[in-house]
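Novice: Sequence:
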Amino acid sequence: MDIKKYLLAALLLLGTAPSWAQFSRLGKDVEYQGTVQATAGSGDSAPFWFTNNRYGLGTTERNSALLRASIGRAAEADSARKWRIGYGLDLVGAVNHDSPIVIQQLFADFQYKALRLSVGQKERPMEMKNQRLSSGGLTMGIGARPIPQVRLELPDFWVIPRTKGWLALKAHIAYGMYTDNGWQDDFTSGTSNLRTHNSLFHSKAGFLRIGNTEKFPLTLTGGLEMLAQFAGEAWNLEDREDHSDPNFSSHQKLPHGIKSFWHALIPGGNDTNDGDYSNAEGNQLGSWHIRLDYHGKGWGASLYAEHFFEDHSQMFWQYPWKDMLYGGEVRLPRNPIVTTLLYEHLRTTDQSGPVYHDATSTFPGEVFGIDNYYNHHIYGGWQHAGYAMGSPLLISPVYNSDGKIAFKHNRVKANHFGIEGQPHNDVAYRILYTHQKSWGTYSTPLPDPAKADYLMAEVTYSPHQIKGLSIAAAYGQNWGKLLGTSKGAMLTVGYTGWINKTKK
Numbered sequence: 000m001d002i003k004k005y006l007l008a009a010l011l012l013l014g015t016a017p018s019w020a021q022f023s024r025l026g027k028d029v030e031y032q033g034t035v036q037a038t039a040g041s042g043d044s045a046p047f048w049f050t051n052n053r054y055g056l057g058t059t060e061r062n063s064a065l066l067r068a069s070i071g072r073a074a075e076a077d078s079a080r081k082w083r084i085g086y087g088l089d090l091v092g093a094v095n096h097d098s099p100i101v102i103q104q105l106f107a108d109f110q111y112k113a114l115r116l117s118v119g120q121k122e123r124p125m126e127m128k129n130q131r132l133s134s135g136g137l138t139m140g141i142g143a144r145p146i147p148q149v150r151l152e153l154p155d156f157w158v159i160p161r162t163k164g165w166l167a168l169k170a171h172i173a174y175g176m177y178t179d180n181g182w183q184d185d186f187t188s189g190t191s192n193l194r195t196h197n198s199l200f201h202s203k204a205g206f207l208r209i210g211n212t213e214k215f216p217l218t219l220t221g222g223l224e225m226l227a228q229f230a231g232e233a234w235n236l237e238d239r240e241d242h243s244d245p246n247f248s249s250h251q252k253l254p255h256g257i258k259s260f261w262h263a264l265i266p267g268g269n270d271t272n273d274g275d276y277s278n279a280e281g282n283q284l285g286s287w288h289i290r291l292d293y294h295g296k297g298w299g300a301s302l303y304a305e306h307f308f309e310d311h312s313q314m315f316w317q318y319p320w321k322d323m324l325y326g327g328e329v330r331l332p333r334n335p336i337v338t339t340l341l342y343e344h345l346r347t348t349d350q351s352g353p354v355y356h357d358a359t360s361t362f363p364g365e366v367f368g369i370d371n372y373y374n375h376h377i378y379g380g381w382q383h384a385g386y387a388m389g390s391p392l393l394i395s396p397v398y399n400s401d402g403k404i405a406f407k408h409n410r411v412k413a414n415h416f417g418i419e420g421q422p423h424n425d426v427a428y429r430i431l432y433t434h435q436k437s438w439g440t441y442s443t444p445l446p447d448p449a450k451a452d453y454l455m456a457e458v459t460y461s462p463h464q465i466k467g468l469s470i471a472a473a474y475g476q477n478w479g480k481l482l483g484t485s486k487g488a489m490l491t492v493g494y495t496g497w498i499n500k501t502k503k
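Using numbering that gives the first Met the number 0, the first residue of the sequence shown is number 0, and each one after it goes up by one.
Quick caveat, the hints were computed from the structure, so don't treat them as lab data.
Even glycine gets a Cβ: it sits at the ideal position worked out from N, Cα and C.
Hints are not guaranteed to be accurate.
Claimed, not checked - Here are the computed lysine-lysine pairs in the DSSO-like style, where the Cα-Cα straight-line distance is at most 27 Å:
#1 K486 <-> K403
#2 K436 <-> K486
#3 K466 <-> K502
#4 K27 <-> K500
#5 K407 <-> K486
#6 K412 <-> K436
#7 K436 <-> K450
#8 K412 <-> K450
#9 K412 <-> K321
#10 K112 <-> K81
#11 K407 <-> K321
Stated by the list, open to error - Label pairs and their computed distance ranges (CB to CB):
#12 S248 <-> K412: 35 to 45 Å
#13 K258 <-> G496: 43 to 53 Å
#14 E213 <-> G42: 49 to 59 Å
#15 W157 <-> P444: 42 to 52 Å
#16 P99 <-> A488: 18 to 28 Å
Throw the hints in and build the complete structure from the sequences for me.
Specialist: Now the structure itself:
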């Protein structure tokens, strides 16, 4: 993957920008939304599925409320044009959340034909998963607050020329910056726990789809997703125990030059506290994805898998791929009972095994074990403002009571079920249920597996008499030793409208 090609493409994209006269359409097809949400409950924390997979707008507090207002225009509104322009602003006021005022989204999209330059903070969907029913992606999910970034992408599958529609490509490359300095300071306040400021973010992915649904009902999609956290500034950083440096300071300004950006793109270099045993610079991780879809007449079915890795031992086949997320989904013909059924099984207990050993002069053999998913010796964990950037089932740091930015339950097994339906034109529902077990981590194992069950049942009423209005009522419950027992109710009232909507 050549960064020069991406930079050249971005320059060409900007150099061929549309004339200002074309911007007159930006006041058309503008969508506005308003949402009021209140949650009340009892127990140890808010129900799990009230807190997680909400782009960081959930909270562990049992009682909370938020007011949300957004306005924006999708680039897809210009689907008939070569140039497509979109933008969005999304503001949230909250009670009993980590911040009373949140800029959730602020972005602008500039797209020429299939290629898009996206600048800003934007909620982005998971790759190849059901956004409403899935438990979450392993590398990049929908649980954490969006990260401001500059992203060059093929946002939709682009049919490769001369393949007669049988091959299509989707890809992106992005750089951004974390915005959780204040949260980290507050969360670790009064402790000597590790914290960082101004960390940078990098992501890249490529997916190839094989199949032409006009000729054959099966499609196969697969690809690679890789992300990194790098640069910034760290406090309470420790030198490695096997390489004590008397001049090492616990406050370090981490590398932040062109080489660091390159090492994020192509893993390389080393970290500040690696000592004699250099590792790739920054927090590097990723996933392999594969998905098989059957497109029937009025119905469909899918099988998919995601394999997570944190180093080359699991990126390729140096060790068996035991840790996976497996899923299956069935989309039924229109009926008043069930429209979609989903099942997922997650396992993260292997992590290349319980032994790690760097090569030394006395024992030259290397054993790459104890991958310690989502945890990192500089950046604490794969999180943003307390919430996992991957699967919430590895239990986000926001649940920690000791101020440690770490994942204490990354060796888990889980079975997850999702179901939704529309018994009436004005009424829809969804149900999520998850059962999981945690063995803690290799460094801090649990004497016995901690179990947990999470349930959420939600009904949404969208009266056809008042177009744009929706009223959702949800019940949630946790039980088990992992997160304790709790239950609660959530009421959400939303309204969506349009400014200068184009008639079609």
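Novice: Next, verify each hint and record whether it holds.
Specialist: Quick rundown of the hints versus the structure:
no.	hint	result
1	K486 <-> K403	26 Å, holds
2	K436 <-> K486	20 Å, holds
3	K466 <-> K502	16 Å, holds
4	K27 <-> K500	6 Å, holds
5	K407 <-> K486	23 Å, holds
6	K412 <-> K436	5 Å, holds
7	K436 <-> K450	4 Å, holds
8	K412 <-> K450	10 Å, holds
9	K412 <-> K321	12 Å, holds
10	K112 <-> K81	5 Å, holds
11	K407 <-> K321	20 Å, holds
12	S248 <-> K412: 35 to 45 Å	41 Å, holds
13	K258 <-> G496: 43 to 53 Å	49 Å, holds
14	E213 <-> G42: 49 to 59 Å	52 Å, holds
15	W157 <-> P444: 42 to 52 Å	46 Å, holds
16	P99 <-> A488: 18 to 28 Å	23 Å, holds
Hint violations for this structure: none, all hints satisfied.
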